[in-house]
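Engineer: Given the coordinates of chain A, assemble chain B onto it according to the supplied hints.
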Amino acid sequence: MTGLPGDAERIQLPERVVRYWRTNALIVWTPIVIAAVIGAVAAGDGIPGIAAVALIVVPLLAAIIDIAVVQPGRRRIWWYAIGEDQIDLQHGWIFVTRTVIPMTRVQHVEVQRGPVSSSFRLAELEIHTAAGSVKIPALDADEADRIRQQIADLARIADDL
Amino acid sequence: MTSDEVLAGREPAGEPRHLHPGAVLIEAVRAARGAVFGLIAVLASAGLVVGLAIAAVVLLGCAVFAYLYWRSTTYVVRDRSLHLRTGIVAKREQVVPASRISALDTSRGILQRIFGVVAVQVQTAGGSGKAELELRAVTFAEAERLRHELGHRAGSAGPPAGSAAGVAAAVPAGEAVGGKPTFRAPGALADDAPVVFRLTPRQIVITALTSPSIAVVGAALAGAGGIAQDALSRDTTEALADRATQLSASAVVVLAILFVVVATVISVVGTALLYGGFTITRDDDRLRIRRGILTERVGTVPLDRVHGVRVIESPLRQLLGFASVEAEVAGYAGQAEVSRMLVPLVRTADLPWVLPQIVPGYAWPDAPLEPVPARARRRYLTAPLLTAAVPAIALLLAPIGAAKLLAILPLSLAVVLGLAAARAAGWHRADGILTLRWRTFARRTLLASEHRLQFADAVTNPLQRRASLATFGVRLSSRRGARVRHLDEEVVHDLLARTAEVGVGG
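In order, the protein sequence lines correspond to chains A and B. No gaps in the numbering here: position 46 of the first sequence is 46 in the working numbering, and each next residue is one more. No gaps in the numbering here: position 419 of the second sequence is 419 in the working numbering, and each next residue is one more.
If we strip away everything but chain A, and leave its shape as in the complex, we get (with noise of 0.2 angstroms):
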């Protein structure tokens, strides 16, 4: 039976791609769980007691559970390989999704930082196809680089920066 890339080798996101999302995910939830409690105390005598403690309460067991147990889990959940013919790739926990990109089919190759993403070192891959394109989130921002020119030359296109 014929080899896939991720047979023979799977590459993780780095560590520290954890941390990075850890930090997203703060971002996101600080305002809420604020909003939240804001909204519960001016409620004040309007709504009840259990409603008051339950509006504080949901959001912030959910936003804990999202940044101690959600991100460090979408880490467990990728790896990517490539191969000389093909690009292998799988995510998902529930629903899990492994994509095979031949090489000869990809049309150029994006780097991604954004300004979170910097501090941390680490960049998005875009990898595109006249097909559309696939995304790896996070990678170590030189190995992603190098990646794009790995990708680039076994592809034999023009690298493009």
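By construction, these hints were calculated from the structure, which means they are not laboratory data. None of these values were measured; they are calculated from a predicted model. Think of the CB as a built atom: it goes at the ideal place given N, C-alpha and C, for glycine as much as any other residue. It cannot be assumed that every hint is accurate.
As the list claims (entries may be wrong) - Stretch-level coverage of chain B by chain A, calculated; a stretch enters the list once three of its residues show a Cβ under 8 angstroms from a Cβ in chain A:
#1 452 to 461
#2 473 to 484
What the hints assert, rightly or not - Here are some, though not all, of the chain A residues that point toward chain B, as calculated from beta-carbon distances under 7 angstroms:
#3 V69
#4 V70
#5 V96
#6 E126
#7 T129
#8 A130
#9 R146
#10 Q149
Structural biologist: The following block gives chain B in isolation, referenced to the frame of chain A:
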């Protein structure tokens, strides 16, 4: 202009030309068409005299606009590119290099016929469905001249697309042939090319009768009835309603039959206007699809951009032994109709020999496809049963005893659909073509050129993983794809591994 002159780049620059004068009337009519509803509303509300006066002013405005449009629109072929200059106030110049043009489609509506002209739509490689630019009215000879000037190359095995001047570097290596225009010198009219498919009038009727368009027409008629009701005065409506309630049962039945007949006739006429005279001719590397009675459209599909073929058998058509065929054309994401619909109707039994004639290399599988494993079949029932559970439970909970019995209907329908889907699902690989078949409602078969697959994936849910099953999917450059669910996971792994095998030089 000889081929030598063209090759040497010494083609006469040519003067910018205007569109055919008929474009003035054509454009005026187009502009007026947009204003029609507004004019009708004005006529209805402001009275006849005022309405007519306003209408006259508007029409005059349309005519003036159309004349200015005609005067300000020029085009010229220069440096192997088509330059189009338009714009009454804000000038705009569009330049399309010949190497980017994948087809010059033409269409002829009634107005164009009156003047003996055609409208030319320029399709580009990698463009979206709408034509890159359009010349609203040129003579047939002029259209052929354009084809010649824009398409002439040093033989069919000419220099690769990458060397043509002005080709954007965005043309990917994997699609090297995408930028090569494929035209013929003038004189070889499309009609000389062999006809590979023709839709007979009988088939047009069957197409209309078996297509969902009848329901659309019926809905439109009902909608029109609603609008008419709004337009009539309240007294008239009430009088009609009174009459209606006094109708006997037989009268109601007659009216219902009349409604269905009218909807059917409209649907058939509409389909005939749209697909009348449907003919496909094949010109070595190009398909030319001509269709339409009032508005004749000619679209071209370069065969090397056909990366897959999709055969669709709706339940009704499958019962009668018919199918329709669509072409997956690269770069046409939200496609123009002509290019994508390959065959509106064909006898499924004829497909084995008709299909390779139209799109060489694509063979309708005569042997049964590899089926899904036995343990996967029952999984095809899950989704339909879950969907049917909602109405079934609602019926069971109904107070009326008879309704509870009806609950069996959605459940049995779900089982039938699920089993049909399990039976239809399958795959096959042969001669560089990957065949995938599945059924949601209609049975669909995708014949994909193996080395044109953009990417493939395997999706699994926890239940599938426990049973060693996976769902295999592919995506083509037309941005559409296919999925076959619940295949054995080793089979899927093998299919994934093989997607890259034939990719060299593709």
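Engineer: Give a verdict on every hint.
Structural biologist: Right, here's what the structure says about each hint:
1. 452 to 461: Since 9 is at least three, the answer is holds.
2. 473 to 484: n = 6 at 8 angstroms, threshold three: holds.
3. V69: violated, 18 angstroms
4. V70: Interface hint status for V70 (chain A): violated (18 angstroms vs cutoff 7 angstroms).
5. V96: holds, 5 angstroms
6. E126: With a minimum Cβ separation of about 13 angstroms from chain B (threshold 7 angstroms), the hint on E126 (chain A) is violated.
7. T129: At about 4 angstroms, which falls below the 7 angstroms cut-off, the nearest Cβ of chain B leaves the hint on T129 (chain A) intact, so it holds.
8. A130: Interface hint status for A130 (chain A): holds (4 angstroms vs cutoff 7 angstroms).
9. R146: violated, 21 angstroms
10. Q149: Since the shortest Cβ distance to chain B is 16 angstroms, the answer is violated.
Hint compliance for this structure: hints 3, 4, 6, 9, 10 are broken, all remaining hints hold.
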